[in-house]
Structures are given as C-alpha cells and as structure tokens.
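Student: We have chain A already, so just place chain B on it with the hints.
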Amino acid sequence: MTSTVLSHSRRKSAIARFFSSFCGYKKHLALTLMFLPVLVYFIVFKYVPMSGVIIAFKNYKISRGIFGSAWCGLDNFTKAFATPTFVRSVQNTLIISSLKLLFGFPAPIILALMLNEVTHAPFKKTVQTISYLPHFLSWVVLAGMFQQLLSPNNGAVNAVLRDVFGVKDSIYFLGDNHYFRGTLIMTDIWKNVGWSSILYLATITSIDPALYEAATVDGATRWQCTRYITVPSLVSTIVVMLILNVGSIMDAGFDQVLNLYNSAVYQTGDIIDTYVYRYGLGDMKYSLATAVGLFKNVIAFVLVVGTNLIARRISGEGIW
Amino acid sequence: MTQKKFTFGRAVIYLLLVLLCATIVIAFWHLMNLSLSPSHIATRGGLLLYPREATLDNYARVIGNRYIWLGYKNTLIRTCIGTVLQLFFTAMGAYVLSKRFFPHRTFWTLFIVFTMFFSGGLIPNYLLVKNLGLLDTYASMILPGFISAYNLVIMRNFFQSLPEEIEESCLIDGAGRFRIFLQFILPLSKPILATVALWLVVGHWNSWFDVLIYISDDTKFTLQIVLRRIIITGSKEILDTSAAANAAEMESVVSSEGLKAACIFVTTFPILCAYPFVQKFFVKGIMIGSLKG
Chain A
1 MTSTVLSHSR RKSAIARFFS SFCGYKKHLA LTLMFLPVLV YFIVFKYVPM
51 SGVIIAFKNY KISRGIFGSA WCGLDNFTKA FATPTFVRSV QNTLIISSLK
101 LLFGFPAPII LALMLNEVTH APFKKTVQTI SYLPHFLSWV VLAGMFQQLL
151 SPNNGAVNAV LRDVFGVKDS IYFLGDNHYF RGTLIMTDIW KNVGWSSILY
201 LATITSIDPA LYEAATVDGA TRWQCTRYIT VPSLVSTIVV MLILNVGSIM
251 DAGFDQVLNL YNSAVYQTGD IIDTYVYRYG LGDMKYSLAT AVGLFKNVIA
301 FVLVVGTNLI ARRISGEGIW
Chain B
1001 MTQKKFTFGR AVIYLLLVLL CATIVIAFWH LMNLSLSPSH IATRGGLLLY
1051 PREATLDNYA RVIGNRYIWL GYKNTLIRTC IGTVLQLFFT AMGAYVLSKR
1101 FFPHRTFWTL FIVFTMFFSG GLIPNYLLVK NLGLLDTYAS MILPGFISAY
1151 NLVIMRNFFQ SLPEEIEESC LIDGAGRFRI FLQFILPLSK PILATVALWL
1201 VVGHWNSWFD VLIYISDDTK FTLQIVLRRI IITGSKEILD TSAAANAAEM
1251 ESVVSSEGLK AACIFVTTFP ILCAYPFVQK FFVKGIMIGS LKG
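Residue numbers (the working numbering), protein chains in the order written: chain A, 1 to 320; chain B, 1001 to 1293.
One or more of the hints may lead you astray.
Here are the in silico distance ranges between beta carbons for each label pair [said to hold, decoys possible]:
1) B/Ile1288 / A/Ile299: 28 to 38 Å
2) B/Asp1217 / A/Ser51: 26 to 36 Å
3) A/Lys125 / B/Ile1288: 15 to 25 Å
Honestly, the hints are just simulated from the structure, not real lab data.
Bear in mind the structure is a predicted one, so any value in this text is a computation, not a measurement.
From the three backbone atoms N, C-alpha and C, an ideal C-beta is built for every residue, glycine too.
Okay, chain A solo, but in the shape it has when bound (with noise of 0.2 Å):
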C-alpha cells in the first residue's frame, strides 16, 4: 500500500519534472530563440527528407506525390537484389573500399613515420606542404588532370611508362577493367595521403623525447627507436582510425569515382552511390533508387555506430 503510494508520488513528481523542464524554454527566451532557426533548418532539410525515405515502400508516381502514391511493400528492394548491375554495385563498393583500407590506409602512417626520420626542417617543411596540396582540389580538377595524365594516346604517365620502363603497350588506365581499380585505389591515395598523416605526425610530436634520450644512450639505432617508441605510441591512434574507416566502408568515394568512371568501366567501378545517382536522377527510377540508398544507409548506419562505440571503449574517444 505505502509503496504503491510512494511509487504514484514519484510517478507524478516525474511528470512534473518533465512539463518543468519546458519552463526552461521560456525562462531562456532569449536562447531559445537564437536555436530555432538551428532546430528549423535541421527538421525541414535533413529529418524531413528522413521521413521521405518512405517512397522506397511506395511505387512513387510523380503526379501522386509522395503520399499519394501506392504502397508496394518491400517490392522495390527485391527488385533491386533481383537486378545483376545492383549485385554488381554492392560487390565492386564492398571490393574497392577494402582495397582502399588495405593500401590506403597505412600509408599516410608510412609517410608520417618517414617524415618524423627527416632531421633537416625546411625539407620536411616543403614535402608537407606540397604533399597536402592535392587534399584542397576537387575530385573534379583532379578527374580533369588524371583524365589528360593517364590518356592512353598521349598521356605522360604512359609516355614515361614507355620509354623509361620499356612498357610497349599503353595502358588505359580509367577505362580498363583490369585497372581500374587499381587507379582509383593510387589516385585516391596520390590525393589524402598527406593530409591523412597530420593526424599521426601531431601523435608523433607528443611523445615525450626523455623517452628517446633514454632509448640512446642505452644505444638503441633510429630503426629501434622508431620500432619500439614511435609504433607503440602510435597504436592507439591507428586503431582508432582503423575502426572508424571500417565504419565507413560502405562510402567507396562517390565524388571520386562519379568523376573518374565511364560506362566501359562499369562492370568493376560502379557502386552503390552512383548506381543511385544514374538509376535515380539519371533513369527518373525514384522509389527504386530510394530503396537502395536505405539499404545503403542502414548498413552504414550500423556500422558507424557500432565502430564509434568500439572505438570510444578502446581510447575513451569517438568522433562525437
């Protein structure tokens, strides 16, 4: 009796907690109005369009509007697991981001282990700066530039390709399948390795250098020291970074590849982003589009969250 009392009490100091905490609103008048453009901005433009997502179990007609338009349950994701190029898609986003964490991901490490053995500043200084430059361009000039780079006809890389390596065939490298991959993993690469090794130089410049100092004079060469201070310390952080690229391995560079392919390429360049973009926009296949990027979505949603969760347990940190 006494309990159920006190549990009603609290129940209803709960409820009157809760309506208080409205009166927040109006005692920071002020505040609450300078968010509400914030909060509007954010409701009509990323949770409305959440709410659109809704044509994916819909047969959407235009003329119907969004709804307007017929259910059709799950009829456009069978559908598109029915079609071989979607199949396609999801394999060549799976094989390209994977590639890209195999190769492109120790290297910016690679590079910042290498810049932290440069002793001579202004040389250091310049490679830094040149090698982040490619970061601040867009995938479209950088398209424009590999587009004329790695031309067939007359494209330098081939022409250096063949009279310093004696390669006797040219290579087309953007519209081969047999390279294409290879070229989006290398310009991918050519463009944020740089950039990607700020992170770890910054985790470099914070070691304490009485651990070095001590480290020589017991006679440890720069390989030791770098082997058994720079690595160790720098784990952590790689993991980090590790988990949250998994995270995003649905994401196989969109700007990247919308720029770089062509239809020859297809068949090993085409992922699930630009399956989108073509079918979609391209194709007006709107309710089957929408199906794809949720399928797409969800999984990367799952993934991000389920890496930064990982990731906080590990360092304490996650990006939010």
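Tutor: Just chain B now, with coordinates in the frame of chain A:
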C-alpha cells in the same frame, strides 16, 4: 647526440619523400606546360618538362569565354553568401547548445548529431529541394548543407571552454544573450571561426554535385560544373558557342588537351595562390577537430 649525418636508411627515406613530392609537382608542371602548348605539341603527347613554342592561345580562349566568367561570378556568390550565413547560424546554434542550463540540451545535441550518421539519401533530398521550388536558385547551393553537425559540435566544444562568469556579469549589466553572443562570444572565438570559415570556403569552392543535380540554368553554373562540362562530359560546345562556324580553324590553333589544361589552371588559380598562406590554419584546424567532445 648520436644523430648520424648520413645513413643508407635515411637516404632511402629522403628519396621516397622526394619521389612523392615529384609526382605532385611534375603533374602540375606538366599540365602547365601543356596549357602553354600549341596543338601539334600537345597531341604528340609525352611528358612536357619545359614549354615548347609557348603560346597563350589556350588561356586567351578560356578567359575570353563567357561561361568561365559566369562560373567565377556564381562560385563567388555562393562562397561569400554561403560562408557568412552558415558561419553565423552554426555559431549561434553552437552557442545555445554550449549552455549547460539550456533545456534538453543533450537531446537536442543528439538530435543534430544523428543527422551526421543517417540521412534520407539522394532521392528524398532531391525531391525536397524540388518540392520547395528551389531548383535553379542559389538557395539550392547553400540551404541543403546549411549547417554541418560536425562544425556545430566543434564550435560548441570551443564555446564550452569559455568562462561563463564573465557572461553572467554582462547579464547583470543588462545585456541580453544575443548581444553577449554578438559582442562578447564571437570576438573571443576568432580562431575557431576562422578555421570553420576556411573549411566552408574550400567546401563551397570545390562543391559541384549540388549544382549538377539542382541547377539546369547554365548562367548559374559554378566554376566546377563549367570545368566538369568541358573536361568530363567532353562537351566542347560550352566553349565553342562563339566559334562554331570556324571550329575547324580553331582546332588547328589550340589543342583540346591544352585547352582543358588551361581550364584547370584558370579554375584552380585562386586555390593554388592562397594555399601556401592558409595551409597552416588547416593543419591547426584538424587538431581542433580531433579534440574530445
């Protein structure tokens, strides 16, 4: 110290670093020489290590083109208006959420952060912009990505580190929260504002996909899209509108390779110029971004 002046290992490291930089520098250098070359040199191909028979014909043709100038105008419009408005409203939202006493602060923060991890996807976003009647307007280049949750969280973290006591004394003196934000918080936050502003500027300058899907009026094309039209879709008509009649004659004067290279340089010129000076701010920015939330 036992720092040896020269070892084999160190030589290899220097060599590899030089090679990495060489691929970047030579790529740009080659492209610049290409843009200065007449067509018979450019079509012959190969690596151009110095300009042969240098000519400015390519640049004359690119600079004489109306779409390049329209592109510059439109890019400047979206960059200036977008950066200023976005910076202001992001800071305002971040300021509110930095106040621990703001009701349901954790909920609102999560409400915003959630949009970083989940979105409706391409088609619902496109339909929204279309239904709002924003197709073919400058608003479609600015509004859909108006406030970045990431920037907002970073700013919020910075504001939280500012002392609340001074604000309270301002409040006692009769200043409202909005005035405190304008006259006290913003001036104190110059470093973070500058960092985020730089991110926004580069983002707008390089942004192309929104224009590709939302804009079909070619007088509103930004530089990136003009460049994309010329280079990737390979459509030269955008450059040939004035010269359709004597296209053959033009072809003999300027090569399309050289022309494309010149376009690349004309569009990236401001970035290449500003880059050496602002680079260090970006490096500082990445460290701000990696601070704990």
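Student: That 26 to 36 Å hint for B/Asp1217 and A/Ser51 (C-beta), does it hold up?
Tutor: 29 Å, holds
Student: With respect to the beta-carbon atoms only, verify the hint that A/Lys125 and B/Ile1288 lie 15 to 25 Å apart.
Tutor: About 21 Å separates the Cβ atoms of A/Lys125 and B/Ile1288, which means 15 to 25 Å holds.
Student: Could you see if the CB distance from B/Ile1288 to A/Ile299 stays within 28 to 38 Å?
Tutor: Taking Cβ atoms as reference, B/Ile1288 and A/Ile299 lie about 31 Å apart, which means the hint holds.
In the structure shown, no violation is registered for any of the earlier numbered hints.
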